[in-house]
Amino acid sequence: MSHSKWETVMGLEVHVELATKTKIFCSCTTEFGGAPNTHCCPICTGMPGVLPSLNKAVVEYATKAGLALNCEITRYNKFDRKNYFYPDLPKAYQISQLYLPICRNGGVEIEAEDGGRKVIGIHEIHMEEDAGKLVHDPHTNSTLVDYNRCGVPLIEIVSEPDFRSAEEVIRYLEKLRAILQYIGVSDCKMQEGSLRADVNLSVRPAGSETFGTRTEMKNMNSFKAIMRAIHYEANRQIGVLEKGGEVMQETRRWDDNLGESFAMRSKEDAQDYKYFPEPDLIPIEISEETVEQTKKALPELPEAKRLRYVGELGLPEYDASQITNSKALVELFECNLAAGVPAKELANWIMGEVMHMLSDSGKEPEEMTFDYRYLGALIGMVQKNEITRNTAKKVFKAVFEEGCDPVDYVEKHNLKTVTDTGAVRAAIEEVVAANPKSVEEYRSGKEKALQYLIGQSMRALRGKADPQTVTAILKEIL
Amino acid sequence: MELKDMTALELGAAIRKGEISAVEAAEFSLGQIERYDKQFSCFVTVQEDVLQRAEEVQKGIAAGAFTSPLAGVPMGIKDNMCQKGIQTSCGSRMLAGFKPTYSATAVEEIMKAGAVPLGKLNMDEFAMGSTSETSFFGVTRNPWNAECVPGGSSGGSAAAVAAGECFYSLGSDTGGSIRQPASFCGVTGIKPTYGAVSRFGLVAYASSLDQIGPLARNAADCAAVLGEIMKQDRRDNTSVATKGIDLQKVLHTDVKGMRIGIPADFFGEGLDKEVAACIEAAAKQLESMGATVEKFDMPIVKYAIPAYYIIASAEASSNLSRYDGIKYGYRAEHPADLLDLYTKSRSEGFGMEVKRRIMLGCFVLSSGYYDAYYRKALQAKALIKAAFDRAFERYDLILGPVAPTTALKIGENLSDPLKMYLGDIYTVMINLAGLPAASVPCGFDGKGMPVGMHLIGHYFDEEKILGAAHAYQQVTDWHKRKPTQLDRI
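First to last, the protein sequences are chains H and F.
Last residue of the first sequence: number 478 in the working numbering, and the count goes up by one each step with no gaps.
Last residue of the second sequence: number 967 in the working numbering, and the count goes up by one each step with no gaps.
For reference, chain H alone in the conformation it holds in the complex:
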C-alpha cells in the first residue's frame, strides 16, 4: 500500500462448498446448475414437519479440511441455529455451528512480504448449510427463488486478523484452495461460488498495537476482485481518517464493474441472529481413532510437496511454490515426472509455456482439458531433437487449445526437424545465392548480416532445422 504511514489489518471468512455427492441434511444432489428448483425436496426447502438428517460425509470432509489446515478437531461438536428472514432461506434459519465448531486453532503458512514464511492463524472452521439463490426477472419485475443450492454443505474458515497486505490475502487463498483441492473436499471454483471470501478490514497508524474499526466486504468473486476491493477499501478508510473522520463499522458490498464498494448495513441494523442449539440434531462425537485415521489418510500436502520439490528434485523455490499452489499443475508435473521426464525441464515448461498459455487464455489451471501426458511427449520430442524448441512451442499451443496429440500433430503438419544435412545445405545455398548483398556485407565484417542469412535459411526450412546446424553450414559456405 502506498500510504506507509498506515497499516492495513485484515481477517478472512472463507466459505467453501464441500464436494459431497448429496446435500448436508437430505439426499438431494449437490451438482451445480440444473433447472431451477429441480435439485430439492421437502427437507431442503423447509416444508412443515420435516427434519434434517446429517450427511456423515460432511463431517468427514470437514475433519479432513481441519487436519490439513493444522486445526484441533472438536471431539464433541454441535450444530446451532442462526435465525434470520430472507426468501432464499426457506426455514428462516440456517443450521450452522456457533458454540462448538468442528475445528479450532489452525494455521496456514504463506510467503510473507519480506520473502520469509508467515503463518496465518485459523480461528475456527464450522459446518453449515448454503442458502438458495434469488434471481431477478426484469421482464416481470419480480424476484424468483431457486432452492437448488439450499442445503449444499459448506465449511466456513475463519482466519485470525493476520493479514497485512492484499498480496498476503491472495497467497493465503491460493494456498487454501490448493490444500482443499488436494485433499478432495472441494473443487474451489470461484466462478461457481464454491469458494467465497469475505474480507474484514481495518487500518491503523503504522506501529499501533490496537485495531481500528473494521468493515466487512462481501461479493467478490475472483482473486482480482478481492485485490481491487482491498486496495479500494484501505484507501477509503485512510481517506476518511486523514480527513479527521471516523470509520463506521458496517458491511459493504463490492461492485466489481464500478470498482467501488457500497455500505449494505451498519452495526446498528446488524441482525440479532438469536443463535441457540439446534434441537433436531444430536451432538457429533468424533473419536480419537477417527482423527488418527483421517490424519494418516491425508495425501501429501502442498507445503510438504514444495519442500520435496526443492530438496529432492532441485527445483527453484519460486517454481516449486507456484506449481504446488495448484492441484492441476501438480498433477501435470507428477504424471510426467513418473513417466521419466526430467524434473527441471518439466518445471521450465510449466513455468514457461503452460503459465503463458494460462494467462493468455485467462484460464485457471483446473480448466486445462488436454491429456497431461502430452506435455511429456512433447518434451521428449525436443530432447530427441525430433522437433526444435520453437516448433514445440507452436505444437503446445495446439495441445493446450485443442487437446491435440503432439506426436500426431507433428506428423500431420510435417514439422519434424530436417536432419538430412544435404537438404539443409541445398536450402542454404539457395539463400546465399539469392542474397548477394548480405553475403557481401558479412564478408566485410557486418555480423548482423549473418543473423539475417540465418533467419532467411530457417525460414526457407520452415523452422524445422536445428539453428546451430544451420549456422555451422552457413559459415562453412561463406
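If you're looking for bench data, these hints aren't it; they were derived computationally from the structure.
This structure is a prediction, so every number in the text was calculated from the model and none was measured.
Among these hints, one or two may not hold up.
Claimed, not checked - Think about it this way: if two alpha-carbon atoms lie no more than 20 Å apart in a straight line, the pair counts; the simulated DMTMM-like pairs of lysine to aspartate or glutamate are:
1. H:397 <-> H:411
2. H:189 <-> H:13
3. F:958 <-> F:483
4. H:56 <-> H:288
5. H:78 <-> F:849
6. F:960 <-> F:533
7. F:805 <-> H:146
8. H:82 <-> F:849
9. H:118 <-> H:162
10. H:118 <-> H:303
11. H:267 <-> H:198
12. F:482 <-> F:965
13. F:780 <-> F:867
14. F:805 <-> H:88
15. F:482 <-> F:505
16. F:805 <-> H:137
17. H:133 <-> F:815
18. F:833 <-> H:272
19. F:495 <-> F:533
20. F:709 <-> F:724
21. F:925 <-> F:758
Given chain H, put chain F in place with the hints provided.
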C-alpha cells in the same frame, strides 16, 4: 357387544374373526361423526376416502397383508401430523389449505398396521394452548359437558375418543398436550419417552420436547397403538432404537411389589381438593393391589413452568419462522415490500397465543438475554432431569395429578394466560426430563367431570406404565364410563 362399547383391540379382534367388516366399522364411525361432531367439533377434516380405505384394508386383512390387532379400526390423527394429500392445518389460518406431499413417519407406520383414518383432529393453533380454543377452525367441546373445554392442545384427539367418534387417535405432547386433554375427557393417553416415536412429519412446536403418542379408551389400546409407531427412524436424528412394546407383557403386568412414589410437592397450593382426593384414592387402590406407595420430596417442581415456557417459546419462535408467506401457507395481499410481506402475513396468519409465544421466544433468545433466560432454563432442565433420575432409583413409577383441576368452562382460561400456563405445572416437567407418562381415568369431580392420574415412568418404561394402568383398569371402571348426554344427541 355393541360397536359403540368396543375398544380398539376388541373391534380389531372382531374384524379379524369376520364378525364385522372394516367397512361396517368405518360406516359406524362416519355415522358417529355425523351424529356428534356438530356438537363437539373434534374434526377439522373428515377424509373422503374412508370407505375405500376400509375396503382396501379389509382385503389386505384377508390376504394376510395386515396382521396388526388394530387392522381395520377407524381412528383419527391430530392435525399437526402430515398426511400426504390431506390438509394439515395445525389449527392455523397460516396453514389452511396446506396439503403436504409426504406423510409423517408415525402416520406411515399406523397405515402399515392397517389403520383406517377418518380425518384430522382439531387442536390449539400450532399445539400452543391447553384448551383447544385457539384453533382457526373453531372451538372443540368436551363431550362430558359441551360448556367445558376438552383440554389441549390435543383436544380434538381426546374428545373424539370420548364421544365415540373414533376408536383411538394420535396426539402430540409438548408440555402435556396428550395427557391433560386425556384427563379432561376421561380417556387414556400416553406421551412416550422423547425419541421413542419419530417426529418426522410432525409440524414442530418445540423440537426438544415434542412427542407423538396415542389416546384411546384404555391402556391396552394405547399399548397396541404405541407398539405400531414406536420405531427408530433414520429421518429423525433424535429418534432412538427401542425394543418396542410387548402387548402381552403389558396385559399381564402385576403391580404387586411395584414401588410407587408420590411427590409431596405435587399436592401444594393450586391443586383442586376433589382432584387430590381422586389421586389419593387411586394410590390406595394401587396399594391394595400390592404396590408400595410412599410420598417423597421433589422441590425442583417450582422451576418447571418458567424453564418450560422459555425453552418451548424459544424453539417455537425459530420453528415457526418458516411461515413467512413466501413459499406456502397464508400470504397477505398487496404488500408494499418484502418486510411488509413478512409482517402482514405473519400478523394476519397467526393467532394471539402463537404470537405471544413467538415474541416471548424471540425475547429470551435475543443477544444479551440468552444467558439470563435460555441458558438458565437449560440448567433448570438438567436439574429436573437429575431429580427424576434420583427418584427412579427408588421407585418404579411416580404417581400424581395430571392437571390441578378438571376441565374449565370455555373462555375461562384464555383471558388469563398465566393461569393457563400454571395449569401445566405437572405435565411440563415430564417433557423437560424427556420421560414417558400417561394419564389414566381415576374418578370424577362433583360436577361429573373426569379426573386423570399421572403415571410417570423412567426412560423407555412405557410397558411398565401401561401395564400398571391396565392392571388398575382391570379392577376399576372409570375408563368405561361414558357421558350420559351422548345418548340424548
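Here is what the structure says about each hint:
no.: 1; hint: H:397 <-> H:411; verdict: 16 Å, holds
no.: 2; hint: H:189 <-> H:13; verdict: 16 Å, holds
no.: 3; hint: F:958 <-> F:483; verdict: 8 Å, holds
no.: 4; hint: H:56 <-> H:288; verdict: 17 Å, holds
no.: 5; hint: H:78 <-> F:849; verdict: 18 Å, holds
no.: 6; hint: F:960 <-> F:533; verdict: 30 Å, violated
no.: 7; hint: F:805 <-> H:146; verdict: 11 Å, holds
no.: 8; hint: H:82 <-> F:849; verdict: 16 Å, holds
no.: 9; hint: H:118 <-> H:162; verdict: 9 Å, holds
no.: 10; hint: H:118 <-> H:303; verdict: 13 Å, holds
no.: 11; hint: H:267 <-> H:198; verdict: 16 Å, holds
no.: 12; hint: F:482 <-> F:965; verdict: 11 Å, holds
no.: 13; hint: F:780 <-> F:867; verdict: 17 Å, holds
no.: 14; hint: F:805 <-> H:88; verdict: 10 Å, holds
no.: 15; hint: F:482 <-> F:505; verdict: 12 Å, holds
no.: 16; hint: F:805 <-> H:137; verdict: 18 Å, holds
no.: 17; hint: H:133 <-> F:815; verdict: 19 Å, holds
no.: 18; hint: F:833 <-> H:272; verdict: 19 Å, holds
no.: 19; hint: F:495 <-> F:533; verdict: 16 Å, holds
no.: 20; hint: F:709 <-> F:724; verdict: 13 Å, holds
no.: 21; hint: F:925 <-> F:758; verdict: 19 Å, holds
In this structure, only the earlier hint numbered 6 is contradicted, and the remaining ones agree with it.
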